[in-house]
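Below are the chains, spelled out letter by letter.
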Amino acid sequence: MSKVGAAIVLIAVVAALFGPLAARVDPAAQDLSKRLDGPSATHWFGLDELGRDIFSRVLAGARISLMVGIVVVSISSFIGTLLGSIAGYLGGAIDEGISRVIDILLAFPGLLLAIALVAVLGPSLTNVVLALSLIGWVGYARLVRGQVLRAREFEFVQAARAVGATIPRILTKHVIPTALPAVTVQATLGMGGAILAEAALSFLGLGVQPPTPSWGTMLNGGRTHLLDAPHLTIFPGLAIAFLVLGFNFLGDGLRDALDPVTRPRQ
Amino acid sequence: MLRFLARRVALTIPVLLGVATLVFSLIHLIPGDPAQAMLGESASPQDVAELRARLGLDRPLVEQYGRFLSGAARGDLGRSLRTNQPVTAAILERMPATFELAAAAMLVAVAFAIPLGIAAAVWRGTAVDHGATTLSLLGISIPNFWLGPLLAIIFSIELGWLPVSGRGTWAHLVLPAVSLGAALAAILARMTRATVLEELREQYITAARARGASKARAVVRHAFRNSLIPVITLIGLQFGAVLTGAVITETIFAWPGIGRLLIQSIGFRDYPLVQGCILLIAVTYVAMNLLTDLMYGLVDPRIRYE
Chain A
1 MSKVGAAIVL IAVVAALFGP LAARVDPAAQ DLSKRLDGPS ATHWFGLDEL GRDIFSRVLA
61 GARISLMVGI VVVSISSFIG TLLGSIAGYL GGAIDEGISR VIDILLAFPG LLLAIALVAV
121 LGPSLTNVVL ALSLIGWVGY ARLVRGQVLR AREFEFVQAA RAVGATIPRI LTKHVIPTAL
181 PAVTVQATLG MGGAILAEAA LSFLGLGVQP PTPSWGTMLN GGRTHLLDAP HLTIFPGLAI
241 AFLVLGFNFL GDGLRDALDP VTRPRQ
Chain B
1 MLRFLARRVA LTIPVLLGVA TLVFSLIHLI PGDPAQAMLG ESASPQDVAE LRARLGLDRP
61 LVEQYGRFLS GAARGDLGRS LRTNQPVTAA ILERMPATFE LAAAAMLVAV AFAIPLGIAA
121 AVWRGTAVDH GATTLSLLGI SIPNFWLGPL LAIIFSIELG WLPVSGRGTW AHLVLPAVSL
181 GAALAAILAR MTRATVLEEL REQYITAARA RGASKARAVV RHAFRNSLIP VITLIGLQFG
241 AVLTGAVITE TIFAWPGIGR LLIQSIGFRD YPLVQGCILL IAVTYVAMNL LTDLMYGLVD
301 PRIRYE
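Sequence lines, in order, name chains A and B.
Last residue of the first sequence: number 266 in our numbering, and the count goes up by one each step with no gaps.
Last residue of the second sequence: number 306 in our numbering, and the count goes up by one each step with no gaps.
Next up, chain B with everything else stripped away, as it sits in the complex (with noise of 0.2 Å):
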């Protein structure tokens, strides 16, 4: 076990180098002189050089790429050019309405797909089994930068059940979540129904059901419980699409998280913050699928030996 942890956490540090490369040359692709950009075109020579320095752009690109990495180790990312705010301070102070919102859509997104995707697989080939994939197939398709202004026109708007935007209390959480659950639900009750299927063909169900046990029974202490692995990679793995789906769900409902804080970001030019939003995004992604697989190589033997 120790050596399939030590290779897969080895296996992670160069794609991380590699996001921070990536990350890193993000602001030499910019068209002409950054400094010049990020100032706007009225902006006077001094000032352009007085940034430039400032941001080490009149470095070698060997020197500003070994402090870009050795900032990002040490968690210093330089300054907001808005604010002057340490990036880090200002990503964290955004993170925890960030991982609220991302964990609440998780939770909406279970809560709908396991039940849906199980009805789908029971009853295969019914109505209810059309009805479960024709609904799984709308929730990938309805972008939620439009699911969501209309989820508030209807429940906000018309019905003044609850808040359009912010955060706040419990109520507020709503909307967000549900517009940003919907596509995982969709992903999850299709997945799950598939393997909920291929567990229900398997001889334990068979023998289960010989024994005597129930239906129900055989479906949910059985072939559901072994289908849970890939349904939970898939949870996982699906983390950074909801990060990603949170950078637009918080524009439309202005909830003051990281996604937000990016599209503030690039809208004033303030290329560090960008820098650093993208950063923790593809960071917290690569943790979290290093993560789901050490789970899967703990809860699953063959993948430890492969």
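Just chain A, with the same shape it has in the complex (with noise of 0.2 Å):
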């Protein structure tokens, strides 16, 4: 399963770097006169209400997934580890602070401060990726937390604090690495989350601005024509199924392969 989610995420990712140089259209090229045409030979996905063409928008839409996941995971992951390991392994008042911050973040259920955050900041890339980070970290530093209170007393970390080895150095020496496992799957199936938000605030029209073609932006312009061209609908949204689904097989099988418990025995 996981090969097949690693295969997924790789046309995904040579689609995203390479297919906006293959596509033989312009993503932002109209041609009204043919706007709303179905799939042909010339334009595989068909052609939306400006006419322009689908499967050049689908693929350059990869690019913005792929980034807003990239860049949503790699802050929250960042924040959430440095936080969790912190709280894990100070403990006390620092513990304390962080934790209550966690516990008030996770009473919003996912998406919905996202929503309220954009809703505020105003709709735009920057402001989703800020929302979705802000909200992001949190699933991490629980885990990471977590981690770092059974680290604490290995025997290993014991030892680097009786030599005279520094917070700093024990933390990013010793205990963070024993944790980067279970980081590792939860930000493979983040990537999946954070494509599935993006796509979710654009669709409300909270997200990417038209006419930058997001997959969630080409999904909300499908809406209006769901009677006359459901192809609108149907191509943006199987990109997102089939790349979210790529990420969750990914991390499924990681999971597996990192967990003991979990693998299959030999």
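Worth flagging that the hints you see were computed from the coordinates, not collected in a lab.
From the three backbone atoms N, C-alpha and C, an ideal C-beta is built for every residue, glycine too.
Take these hints with a grain of salt, some might be off.
Cβ pair distances, simulated, as ranges [unchecked claim]:
id, chain 1, residue 1, chain 2, residue 2, range
1, A, Ala93, B, Pro60, 25 to 31 Å
2, A, Thr184, B, Tyr204, 34 to 40 Å
3, A, Ala7, B, His28, 46 to 52 Å
4, B, Ala213, A, Asp228, 46 to 52 Å
5, A, Ala29, B, Ile157, 26 to 32 Å
6, B, Gly71, A, Phe156, 52 to 58 Å
7, B, Arg74, A, Thr126, 36 to 42 Å
Derived coverage of chain B by chain A (criterion: at least 3 residues anywhere in the stretch with Cβ under 8 Å from a Cβ of chain A; other residues may be distant) [claimed, not checked]:
id, segment
8, 136-143
9, 248-254
10, 257-267
Assembling the complex is the task here: the two chains are given apart, and the hints tell you how they should meet.
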């Protein structure tokens, strides 16, 4: 399953990197005379409400989706790992403070806080990344805190403390590496989550703004043409589901490979 | 048990206070002057000053915070900028629709997920298991803002079986409930599979089988019943995800609930109403989590003494 996931992700990365170069049609080029035309040999996925080639736009959208996923996951996992390890290792008032912030942010269901933040900050790609990162770090912090609480008692960590290693050194060299497998799994699944969240915000009109070709924005545009041109909805949605499925397969596979409990016996 | 109840409720109070603080801060995160942002660039300075005074934005921050908290505690969240209706009344008006949709979505999820999860566990490693696992992963990966329009294309536009939008009869509820419940069904099926598998390995299952219980009886009467606790917990914890999903589903199917109200209010920059909707959804989520925790403590005594 993880191989299928890796293949899907690889296809998406290649599409994002080289697709816009290889696409025969400019994703922004309009041909109003052919607006809403269905799939054909020249336009594989058909044309949208402004006569733009949907195939080229789906390829260009892969770039946005992957970029959002990578940036959000990088920022969230960095902040989450840092704060989670500090809370878990130092304990006391610092742990209490960080844990309460985590509790409060977790009291908001997933996307709701992102919707709220983008609503006040204004719809844009930057604000989507900011909002998703602001809520995304919490999951990593909670995960890493738990791992660090366990790692703190390991003999090699106590030995490092005994020989006088500084806290930053203990954290970066000894404690955080023990949490990295779990963080990798969470980050892989988080890529799918971030891509879905960006698409959802863009679908609601709160994310990437037209004419930039984001999959969510394309789906939003397709809503008014469900009756006469369902291809506007079908192809961008397929792209989202395909890529998110790829990351979920990969994340699941990685979890099974890294977790001795769920790893199948040889 | 009373001590457990008191401790759990006490732990919720700082979280609720934090949620309210965050919701209060939202209006202050608006770049520039919030009153100007709400009225638009063309608004006269007099109108902006009037709105600022009406919202109390001209008062010191501490006083604004105090007023917001005491108002929220009394259920007074101000008035809508667009309709001048009290925010609480506007939300209460829409609440039944959202809860109806959420309940129907959860019902759909449970009806699909539990048999699927049990079948996958019982026939582990077979085509049934692989099929169920792939179906679950598909359910998690397919966004409800795509599934909804897709279902509408098939069942409303092509087949003409169900209405495409609005609220009224049970037929209106089918497509929104299925599109909202699909992701929850996927998560639930995975959880049911995992917990039933775990229970099937227990000695009491071997004992039941040794006493002559059929495989079906051992699964349904013994393994499944014991695996229900984590499954019920998950249903409770997923309520928040369903409420957030409802924001999208209600927008797609023009379902007159809180989610649609939230998105419409964002469009009109009606921030008091935005704050109210966010606060209500978050508080409902916290309350559901608390309820789930309490139920968990009630059915599993080990939790109470931790």
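Inset, instruction - Taking the numbered hints from earlier one at a time, note which ones the structure violates and give those numbers from smallest to largest. - result: When the structure is compared with the hints, only number 4 turns out to be violated.
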